[in-house]
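Whenever a hint applies, use it, and build me the whole structure from the sequences.
The sequence shown begins at 1 in full-length UniProt numbering and counts up one residue at a time.
Read the hints as simulated data drawn from the structure, not as lab findings. Think of the CB as a built atom: it goes at the ideal place given N, C-alpha and C, for glycine as much as any other residue. One thing to keep in mind: the hints can contain errors.
Label pairs and their computed distance ranges (CB to CB) [what the hints assert, rightly or not]:
1. A352 to D428: 29 to 39 angstroms
2. S239 to S322: 41 to 51 angstroms
3. P444 to Q52: 20 to 30 angstroms
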Amino acid sequence: MEYSLPSYLDYSTTTLLSSLIILAAAYLTFRQFRHRRPPIFLLDFACFKPPQNYRVPYAAFAEHARFIVGEEIASFLVRVLEKSGLGEETALPVGAHYIEPSPRPTMSGSRDEAELVIFSAIDDLLKKTGVDPLDIGVLVINSNSFYPVPSLTSMVVNRYKLRSDIRSYSLASMGCSSGPISIGLARDLLIANPNKGLALVVSTEIITSPSWYQGKLRSMLIPNCLFRLGGAAILLSASPSHRPRSKYQLIHVIRTHLASDDRAYRCLWMEEDDAGHLGISLSKQVVDVASKALELHFATLCPLVLPLSEKLRYLSFLLQRSNKKSVSPAPTFVPEFRRAFDHFCLHAGGKAVVDGLQKVLELRDEEVEATRMSLHRFGNTSSSSVWYGLGYTEAKGRVRKGDRIWQLGLGGGFKCNSAVWRCIRDVDAKEGGGAWADCVHRYPVCC
Numbered sequence: 001m002e003y004s005l006p007s008y009l010d011y012s013t014t015t016l017l018s019s020l021i022i023l024a025a026a027y028l029t030f031r032q033f034r035h036r037r038p039p040i041f042l043l044d045f046a047c048f049k050p051p052q053n054y055r056v057p058y059a060a061f062a063e064h065a066r067f068i069v070g071e072e073i074a075s076f077l078v079r080v081l082e083k084s085g086l087g088e089e090t091a092l093p094v095g096a097h098y099i100e101p102s103p104r105p106t107m108s109g110s111r112d113e114a115e116l117v118i119f120s121a122i123d124d125l126l127k128k129t130g131v132d133p134l135d136i137g138v139l140v141i142n143s144n145s146f147y148p149v150p151s152l153t154s155m156v157v158n159r160y161k162l163r164s165d166i167r168s169y170s171l172a173s174m175g176c177s178s179g180p181i182s183i184g185l186a187r188d189l190l191i192a193n194p195n196k197g198l199a200l201v202v203s204t205e206i207i208t209s210p211s212w213y214q215g216k217l218r219s220m221l222i223p224n225c226l227f228r229l230g231g232a233a234i235l236l237s238a239s240p241s242h243r244p245r246s247k248y249q250l251i252h253v254i255r256t257h258l259a260s261d262d263r264a265y266r267c268l269w270m271e272e273d274d275a276g277h278l279g280i281s282l283s284k285q286v287v288d289v290a291s292k293a294l295e296l297h298f299a300t301l302c303p304l305v306l307p308l309s310e311k312l313r314y315l316s317f318l319l320q321r322s323n324k325k326s327v328s329p330a331p332t333f334v335p336e337f338r339r340a341f342d343h344f345c346l347h348a349g350g351k352a353v354v355d356g357l358q359k360v361l362e363l364r365d366e367e368v369e370a371t372r373m374s375l376h377r378f379g380n381t382s383s384s385s386v387w388y389g390l391g392y393t394e395a396k397g398r399v400r401k402g403d404r405i406w407q408l409g410l411g412g413g414f415k416c417n418s419a420v421w422r423c424i425r426d427v428d429a430k431e432g433g434g435a436w437a438d439c440v441h442r443y444p445v446c447c
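This is the structure:
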């Protein structure tokens, strides 16, 4: 015999369950909006374009190297340069152009380089946006190995006569992945100080001193072949009134730091050689460390950005890997990142770095085009390389409303950091020209 609930009870139960579901959904929605951060908008950005007389063609680099380090080591450096992915138009600061008696990586030269790069990028940005410098209430500058007194932020405050209550921070020694760190700090400062107006972020690497190695140790000379003049200035706002004129909205900043691991901590190390020359040494374990950093980074990034189908694949991978009884090793999980992002702006650390990232992320050639072309035209510009990549994508007229952009940086510490953006309006190719305006028509090239 079958029993059924009275119709009125069945109706009441259904109504109650429906009400509970609605209330639960309303509560979760309320919590989400209550704890939701206000949106951060990117009004615009500008990348530094080096003057033509700062160019270092291969022939000039080889000639200088022969005078400074001798024929044998110079031949080695030229081979490194030819395989680096850099083109003939990359630039070095004035101090690196001297031959006799040696390059001049002085404090004065470093200041000159900092003023040239930072002021040029900020001038271009203020011209593009029409912003009054007095509207800037937050200033963040990241420069890896140059940290003068007064600070770089004080240098900018002095030049543009910024307001006295500005919140300013100079970030040093944070590596090539420090761009997203600066963006995250500026975001937090805007949220904590809603009346501060705009935030100006500058990402650069001043390579005159102490980054320019003057010794003869091959492993420490490699950065001299890769790092070049570069920098970017970015303008952010937390005000909804700036949304109509903004290009992008910041969605996520994700940071992974492996310094608790001794191998990771020492794989990029500033030290003196036997002759007392200061430089950066690269450990042979840097590739393994970078792979580990990416794996841990994905564990945080993937749940935030991947569509449901990819999240289920990732969950299956984690369950399989955690099954200790499994005889066969769990396969390596590589998400289909193209289902989460439309444009990829990766760290342009060198051809080997870009090749490695393309392989790990399983990206097509066209998806790493912006990164390779940035490396070819401007070289390794450290933390600002992801902005040259975005500038290239804009200059090609490829950025449309709703597109998702992933900026990924790797650097000393060891750190892996990401910034995820969403385009909130179509970006015209002419509007995004900037440093690429007079040369983007020549790209892409084979490199």
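ask   = Which hints from the list above does the structure break, by number from lowest to highest?
value = none
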